[in-house]
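Chain order of the listed sequences is A and B.
By this note's numbering, the letter at position 56 of the first sequence is numbered 56, and the numbering carries on one by one without gaps.
By this note's numbering, the letter at position 282 of the second sequence is numbered 282, and the numbering carries on one by one without gaps.
Derived by calculation from the structure, the hints in this document are not laboratory data.
Computed from a predicted model, the values in this text were never measured in an experiment.
We put the beta carbon where it would ideally sit given N, CA and C, even for glycine.
No incorrect hints appear here.
Cβ-to-Cβ under 7 angstroms is the rule here; a few derived chain B residues that face chain A: (1) R76; (2) E85; (3) L92; (4) E96; (5) S103; (6) P111.
The residues making up each chain are set out below.
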Amino acid sequence: MPEKTRIRPPVIELASTRTKEFVRESEALFWVFGFPLILALALGFAFREKPPDKVPVAIVAGPNAQQRFAALQKSPALLPRIMSEQEARDALRRGKVSLLIEGSDAVVFRFDATRPDAQSARREADDALQTAAGRRNVIVTREERVHEQGARYIDFLIPGLLGMNLMGTGMWSMGFTIANARMKKLLKRLVATPMRKTDYLIAQFLSRLIWLLIEVTVLVAFGWLVFGVRVNGPIAVLAILCIIGGFSFSGLGLLTASRARTIEAVSGLMNFIMMPMWLCSGVFFSYERFPDAVKPIIRLLPLTLLNDALRAVINDAAGLPQIATKLALLAAWGLVTFVIGLKVFRWQ
Amino acid sequence: MPDVIACRNLRKYFADVKAVDGLDLSVANGECFGLLGPNGAGKTTTIEILEGLTKPDSGDVEILGLTWLKHERELRERIGISLQETQLTEKLTVFETLRLFRSFYRHGYDPEDLLRDLSLDEKRDARVGKLSGGQRQRLGVACALVGNPDVLFLDEPTTGLDPQSRLQLWDIVQRFREKGGTVLLTTHYMEEAQRLCDRVAIVDHGHLIALGTPAELIAKLEARNVIEFTSEPALPKEIVEAIGACAGVTAHNEGWLLRVHSLAEAVPQLIAAVEREGAKLVSLSTHEATLEDLFVSLTGRELRDA
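Using the sequences and the hints given, assemble the complete structure.
Here you go:
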């Protein structure tokens, strides 16, 4: 019997229906594209280049107040104001000023030592007052501000956001789809056909791959056009890295969703797995701040591997050889989680 | 010709229920076989064991002379399944869904032709989420038929459907049988079993309690008619049972159900008994005996609320 409808292989059919389903789900589109862009925009502006903020300082009204005010106003880092004693103490307590200056002859600095800007304000104010009183510096110093491409916070942030997004969408798209299909007995219906189980899972990943490439392109282009964050390494290496990173998180998502019976259970598990990586894997700040003892563990987390490799390629122009180890480790994460996930998978 | 579906001594216990408790069934080629019973009788567990989706604790299953353990893939190619509660992806269209299912099978129907056969061609490009219950159920059966199976398993195919949708589904099953297909279905609708099935197995608490053609089963009642009546005050059971033409009595809605051979004999006796007891007849109706009445006579309970 001649067939009018062309039937493509099951993997392709599964991947294409999965993709259509995703396009028709407008909320999902927002989380993949809208959310990271808004986040990048907000953070980018929050940390955009601008002169450092002046630290507010309160001077308690008194005989020396005007003189001290004049001295402090010369400092580019301080914003002095004269207040009554009560006013000044309230302002310090509420954090409206970081430093309080009082005392008649001897200057008294009053501040909360745990506030970093208070420490620097104290030094800055001390300097200004001493200089105004006639102190001469012994050696000559000068400042050179760093504005180099690739050294700004946004240069650090964009690869981190890219990594975070690959993790989030990779895990959610796998986890959510699978848990949903299981809950609606769709998985059970599918295994009641001759469909190969691996086809289903491979199709999930293939469909994911299409979105992943679009998602990466959008975010990288956004970083470049809006903030001037350039990809210094080869684009092809970046693409390979993103695909392997995406695979790694799809595997992790599959494993997470392999047995959960409800969306709620999957959500909980996902957050439990992703939260430590959001915090530790250097998305928003470098993990170098963590104690030395835990750093080797942090470096092996998939998001750390991905973020480090992304920064190497985007900021430091690394090529394939420099990130080969990280790529291999990422691929291993994907492979191991995929195989275990498939093994323990609950189809009904 | 060996049986198309055969199982022996099937057992499946869950933590607190014996869902299937020693069941033997055999379905011949081309037959439409119905598993009939109330909710919780073990029908779904039984059909899912036969479909290879649930593993029995013990017992053997052979479908088309093959076993699930050794020939899963071939069996999946040759049977079609409609589950009780599958929710197909709502965002896909009818055609996309059917084409997806078609891709899993080596041989089968063109989705376009099948949609036309099942009167779903008008809904070809509608999203599954927008379909009515009857259309959804037809699409479910279309997905079961698209691989041109030899055997069709339907779990409660018409539950919750309106009468017209039910007729459409029965028609699809009839046409599948005309092409030589074998059907196993579960239902708790007597009418469905009587209309569609060559043979019916009545199950309750995982046991087979009656097996035969619908006519044979009704004959087991030894009564062609059923009288349903209530009186004020209610008559005691001994009085009702003493009515000569009566083959069986069951309490029902504060009154009694009487299974009788002959209405002509039984009704006058009943009215006489009511008068003798000084009671007043509140309601009286009669109908031809159905499988429902057999279930009531076998278990003392009704199918729908048992």
